[in-house]
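Peer 1: Each chain is listed here by its residues.
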Amino acid sequence: MCFKFQHCVVVLPSLQYKGKLIFKFIHVPESILQLFRISSRTALAVIYALILFSNTATAAPDGKALFQSNCASCHNPLKDATGPALKGINATFPSKEWGYNWVHNSAAVIASGDKMAVEMYNKFNKAAMTAFPQLKNEEIDAIFAYVNSVTPSAAPTAGGTGAQSEGSADSNGYLYVIITLSLLVLVVILWKANQALSRAANDKEGIINEKEVPLYRNKVVIAMVAIVAFIMAGYWLVNGAINEGRQQNYRPIQPIFYSHKVHAGINQINCLYCHAGAEKSRQGMIPSSNVCMNCHKQINEYTGEKDMPLKTAEGKVINGTEEIKKLYEYAGWDPVAKKYKLNADGSIAATPIKWVKIHNLPDHVYFNHSQHVKVGQVQCQRCHGEITEMDEVYQFAPLSMGWCINCHRQTQVKFDNDYYSIFAKYREEIKSGKRTGVTVEELGGTECQKCHY
Amino acid sequence: MSQKQYWTGLEELNNPAAHQELAQNEFKEELPFDLSETVLGASTPRRDFLKFLGFSTLAATVVSSCEMPVRKAIPYAIKPEDITPGVPNYYASTFVDGGDYCAVIIKTRDGRPIKVEGNEMSSITRGGSSARVQASVLNLYDKARLRFPGSPAADGKGMKNVESTFEAIDKMVKEGIGTKPGYLLTNSILSLSTKEIIAQFLAKYPNVKHVVYDAISYSGMLQANEASYGKRTLPTYHFDKAQTIVSLGADFLGTWLSPVEFAKSYARGRKVSAKNFKISKHYQVESNHTITGAAADNRATCRPSEMGLVATALYNEVTGGAKVALPSAKLTEMVAKAAADLKKGNGMVVCGSNDVNVQIVINAINDKIGANGTTVNWTTTSNLRQGIDSEMVALTEAMAAGQVGSVFIHGANPVYEYFDGKKFADGLAKVPLTVSFAERMDETAEKCKFLVPDHHYLESWGDAEPKPNYISLMQPGIAPLFKTRSFQDSLMTWAGNTTRFEDFWKTYWTNKLGSQANFEKALQDGVIEPAGDMPIGGAAFAGNVNDAIAKINGKKAGAGMEVMIYQKVAIGHGGAWSNNPWLLEMPDPITRATWDNYACVSPKKAREMGAELTGINEVEPKKHVITVKGANYSVNLPLIVVPGMHNDVVAIAVGYGRGLNVGRAGASDSATGMGGRNAYPFASYNGVNFEGASAATVTMTDQLFEVAVTQTHNSYEARPIIHEFTLEEFEKDPKILLKERYKEVGEFAQPLLTEEGKESEEEKVMDAKLDESYRTEGTLYDNYEYNGLKWGLSIDLNSCTGCGACIIGCQAENNVSVVGKEHVMKSHEMHWIRIDRYFSGMPDNPDSIQTVFQPMLCQHCDNAPCENVCPVSATNHSSEGLNQMAYNRCIGTKYCANNCPYKVRHFNWMDWNGADAFADNAFEDYRRDDINDDLTRMVLNPDVTVRSRGVMEKCTFCVQRLQDAKLAAKKLGRPMKDGEARTACQQACPSDAITFGNVNDKESNIYKVRKQEHAERLFYVLEHIHTLPNVNYLAKIRNTEELHSGKENDPKNIKDGFLEDHI
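From first to last, the protein sequence lines stand for chains A and B.
Note that the working numbering has the first sequence beginning at 1, numbered continuously upward.
Note that the working numbering has the second sequence beginning at 10001, numbered continuously upward.
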């Protein structure tokens, strides 16, 4: 049950990813169909599909998603950030066309000497806006429609599900323990009662009772206890050995109190904006401090102290503005003069931030982010948990081999990728309806040398 | 005749009891266990065992209860735009080591070079590489490199412990040059921009003269070409266009001039198939045994001093002159045949002699047979060597006379390499200003006053012009690791030019190429070449042959023993290579020996000298030490028996016996003889040229010295594993091999035949069904269907030259460990691909020896014997046909290695890469230990696990590359294309002997090789045991009359059924 819940949590943010949005909208109905086919076999999958469907149906208009994947890293709807606040900004444009041109290629508009463009450019410290030639006019309209609809009270709604599901798993466990214990007590009571009754019956019938042996000297009991103790000790030992080096729920203290909740949750910055390596490399890549400074040149204070106070897991309140100052130290930024401090050779006086590594794979494992994120289109949250709810990141998944293999067994690959056309047999079978999809395992995804080399 | 008798060494041929025992022993060394009959009687009885068990359980518990270490993840402070951590970047560059040239691609991961590959855009090296090119990346991380400028310490041990500045040295150099004659001594310089800078320097200091000196001199050829054609240059040889190749002592596939270029074109001229029987014929006359001799169709030997005589005989034969009496009948016969073939046209003669007169005769032959303009190209010449011997001699004399005010030495190490190094060193001491640009403190640098270390080529900007108009640019793969400065920058500074070389170089090439865009394109491609095919043209011969012949005849050919120096394929002339552990541990292709140099002598001579050939000198690593005495120099070296050596020649490799500051792996220990001896002093100067051979006497000593020879490791115990035919046999019946295979395994195709009632159609089965029906019918098990991908690799024995580029390529790619000499002697070497060398013929007759190379790697058997016996299933089979090895599951039982018929599994007896984790733990084998260093470990490939002690390892078909290629195709959303996934050995191979790909893809090269183009030559090693390998071989076809079969006619062997029933 617990596992299934994680699935549906994952789907929600999937709608927010840059570039994948359109893909989602084309493919969701198809995947639902697929899921319905499976649902004939398992009721759980039906629930899964229904939740997925409901998510899709109630999803915000694409303006929101587009805003989050393209604009949110520099713009806030309500206040100036790296770029201006966007709410109502389209009303100030000379024309709709002007707005389209600006979004498609702001540099060209500035270069044309347009007065408003130049003013805006100068006002925001000559920070050039990224060109978005791929955005269609309707999409730009949708973005403006979304930002104009935002009201100050808008607060994130997602979350809690993961924790709840974990909690329910725990209470289930308790329940089982209680039931088992009470049953055991019942067995002992019944056994004793049975013994007492048979003794009584024997007395009545004149049969001599054997001398009563106390429980702790009963050979059967001793044998049973010994066996149970042996099994439990063995279980404990083996389990301990297996879990050696695993660090689920590891939540170290980091050099800067960086809140993913504030960045990816409240401000809805795309994960890939900072972790750009996840689509290209085996490493997800921790951003260098100059990436942070893209936004934090402007954002020099944390204003959410009242609504969203930053707290450590122990409940200590953190001053967000002080943490931003720590970043400035690392990045070599002088917040007063609003420029970088330079070394003697003219380079920026920045020092790398020594983050504590949370996700440590076991030795001898090759893991590639791009394989999962780009090809497999697995959502970050599937392995990293509800990252948008974490003020401090902890290791969500056990990162054990069983956990990897389990997913490889259950997950279907995106078989419409033309790479898989070499598996003609599977294509045939899908065509003829013999199978609904191909799992990673069926393509050899659980073989040793797919991850160990 | 496909199965002649092959032997890896005399011990296998003679098969004495000691050898049999060794071949059947699992472990070469004495085991540290007590194997007594009774357990309690053993010196470590049961109680001790229990104590150990208890202790180790406790220790493991304590250790494992420690907390996980806190690891840091440190991103860039400011990320360079073109680097994505974890994604390699590739830069086109150029490998240059003196005149050795190769266009390369540098693979960098997170800003550090980890691999060097050939650049396929070069029409000269065509993507090929050599063992040295592959190993050059390790030199970058050599601990012995100089880390700052300065002066040698007074006690001769490294640098003075004061870090000087370049400015201080610049000042002293500028003041010191003065007006007395000075010399700039360099090796051959291929770089145009560097030549320009040298010109500037010489213009500023007119008293300084530039002398070019090559350790291995080609001066004789340059001078002969000047005399014959008026050009002091070398021609380009087109081996692919030659129908007849005659080589007199030129090891053009291994070490001569431009082996990568030649191996490429040579192999192209020898691709034989049932559709094309036209391949070149190669005659080789040599004194020692080289890999070129092994590849030759006909081979004969002579003394080095007789090479001129052979050249004269060939000239007379070609021109119809008087017959010259040659020392052996085989030579006479071969010269006659070669001349007849040469006269048919499309011939070519090359010669390795450094004697100007011999080279003039060779030029005359090439002229007479019309080679000039067809196979020998005088329009597009070669700049690879430029040194003139007499200039170097003049410099030495001038120094000795105290006339020299300054010497600047770049790329040369005369104290070690010059035939009279001592004279050079003494002369150097008399020069007031001596500056070395050496990257390590070599023997010459030790004697210089100032050391201004140059960058490694992987840290340098530069260029090379191997042939006129064929340009190759050099760009760095990493910022300089140490406080070094480029040679050019130093010269520019001293010449008063304040521009930095990098900027000068950029401007130079931007101007030359016309625009920034052209420059950037050239930098990206790495090469700039004229469009179209290479222009070919001849030249008019104007040399005086008769005079040259008279001079050759004037020299008395030797009658007794002669000593010759030669270059090993791996180590070459010495230089930085002498301290490269990869190259030191690479078994020499012919002798299969590692780590040391030695005196090669023929079996007959060895026996005459009293070295028993079945006991000490062959079976055991201990070799008899002999004294080799030349005119002015003598050394004691262990004797290695090399079949195919001329009986009166002793050959010694150069590049060994290095000074103490060259590096731990290379330095020789004069007391123990470890690290070999210097052979350069055996050379001499004949007034015109250096000569690499001289008369010598050899005497046996009573000493023994251990040499780590790998030739009988992994013995096949004479099982038939190679197929070889003469071209004639193959042409007569192209299905000769198919028939043999059919005889062996065809019975499994029979059920199919009778079912279909087509018993007479044997041929049909052979052609189409042999593989498939044997696969399915030869076993009780069900057939597994390989869906999608199925990897396969094919090795063409006809193309393989044995050069060893694949071994080092694999080592660099897969983090294969260096184990050191001690462990090589125990058969612990780790190379995933080895090149087995088999001799055939009569050991006492060097001219009858024929040599075959067979690269041997994991065969990735679909029915693998190793997989069945693993108790923990650490090795198993993938759905792509890979025999997988999961290191973290392996518990080290070694059952798999014992059950592997191909002997390709290697066990990690030690922690080869991390031994320095504990203090004082690394110094087991003094010479290999620099491998265990943080600097050296920068070379490791982060995509491949570094194996630790106690696990088995073997070839993975470079699975990391396969996975990478698959991922790249998936990201692009298209099927993988043939050639996108290449193994490291395939990519390194200069002769394209290795084909790799997806067998299920009918468009792939591997499918075409196996099923279409070379189906007739295809065979699997030990096919009859139904291992179903995914590696196949293509039979060797020798363009010769007869395959020598050694002792197969010996009645003793026939009686024992040695050949037939030994399986």
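Treat the hints with care, as some may be off.
[Stated by the list, open to error] Reference listing, derived: stretches of chain B covered by chain A, where coverage requires no fewer than 3 residues with Cβ under 8 Å from a Cβ of chain A:
| id | segment |
| --- | --- |
| 1 | 10879 to 10891 |
| 2 | 10938 to 10948 |
[What the hints assert, rightly or not] With a Cα cut of at most 27 Å, we get these calculated DSS-like pairs of lysine-lysine:
| id | chain 1 | residue 1 | chain 2 | residue 2 |
| --- | --- | --- | --- | --- |
| 3 | B | Lys10174 | B | Lys10143 |
| 4 | B | Lys10079 | B | Lys10483 |
| 5 | A | Lys325 | B | Lys10449 |
| 6 | B | Lys10977 | B | Lys11002 |
| 7 | A | Lys354 | A | Lys280 |
| 8 | B | Lys11008 | A | Lys425 |
| 9 | B | Lys10079 | B | Lys10971 |
| 10 | B | Lys10241 | B | Lys10732 |
| 11 | B | Lys10739 | B | Lys11008 |
| 12 | B | Lys10966 | A | Lys280 |
| 13 | B | Lys10171 | B | Lys10368 |
| 14 | A | Lys354 | B | Lys10079 |
| 15 | A | Lys280 | B | Lys10174 |
| 16 | B | Lys10337 | B | Lys10241 |
| 17 | A | Lys357 | B | Lys10790 |
| 18 | A | Lys431 | B | Lys10966 |
| 19 | A | Lys374 | B | Lys10483 |
| 20 | A | Lys431 | B | Lys10790 |
| 21 | B | Lys10337 | A | Lys431 |
[As the list claims (entries may be wrong)] Far from chain B, some chain A residues (derived; all Cβ distances over 10 Å):
| id | residue |
| --- | --- |
| 22 | Cys74 |
| 23 | Lys204 |
| 24 | Phe257 |
| 25 | Asn290 |
| 26 | Thr303 |
| 27 | Ala331 |
| 28 | Ala424 |
Quick caveat, the hints were computed from the structure, so don't treat them as lab data.
Don't be surprised by glycine CBs; every beta carbon is placed ideally from N, CA and C.
Peer 1: Please verify whether A:Lys325 and B:Lys10449 have alpha carbons no more than 27 Å apart.
Peer 2: violated (53 Å)
Peer 1: Check the hint pairing A:Lys280 with B:Lys10174 against an upper bound of 27 Å on the C-alpha distance.
Peer 2: Given pair A:Lys280, B:Lys10174 is violated - Cα atoms ~52 Å apart, limit 27 Å.
Peer 1: Does A:Lys280 lie within 27 Å of B:Lys10966 when you go C-alpha to C-alpha?
Peer 2: Holds - the C-alpha atoms of A:Lys280 and B:Lys10966 are around 14 Å apart, at most 27 Å.
Peer 1: For A:Ala424, is the shortest beta carbon distance to chain B beyond 10 Å?
Peer 2: violated (8 Å)
Peer 1: Take the C-alpha atoms of B:Lys10174 and B:Lys10143, compute the straight-line distance between them, and say whether it is at most 27 Å.
Peer 2: violated (31 Å)
Peer 1: Would the least Cβ to Cβ distance between A:Thr303 and chain B come out above 10 Å?
Peer 2: holds (27 Å)
Peer 1: Please verify whether B:Lys10079 and B:Lys10971 have alpha carbons no more than 27 Å apart.
Peer 2: holds (24 Å)
Peer 1: Take the segment 10938 to 10948 of chain B, compare each residue's beta carbon with every beta carbon of chain A, and decide whether three or more fall closer than 8 Å.
Peer 2: Since 3 is at least three, the answer is holds.
Peer 1: What's the verdict on A:Lys431 and B:Lys10790, does the C-alpha distance respect the 27 Å limit or exceed it?
Peer 2: Given pair A:Lys431, B:Lys10790 holds - Cα atoms ~24 Å apart, limit 27 Å.
Peer 1: Would the pair B:Lys10241 and B:Lys10732 pass a check requiring their Cα atoms to be no farther apart than 27 Å?
Peer 2: Given pair B:Lys10241, B:Lys10732 holds - Cα atoms ~25 Å apart, limit 27 Å.
Peer 1: If you draw a straight line from the CA of B:Lys10079 to the CA of B:Lys10483, is it 27 Å or shorter?
Peer 2: Given pair B:Lys10079, B:Lys10483 holds - Cα atoms ~24 Å apart, limit 27 Å.
Peer 1: Quick one, are A:Lys354 and A:Lys280 close enough, alpha carbons at most 27 Å?
Peer 2: holds (23 Å)
Violated hints for the displayed structure, listed by number in ascending order: 3, 5, 13, 15, 17, 19, 21, 25, 27, 28.
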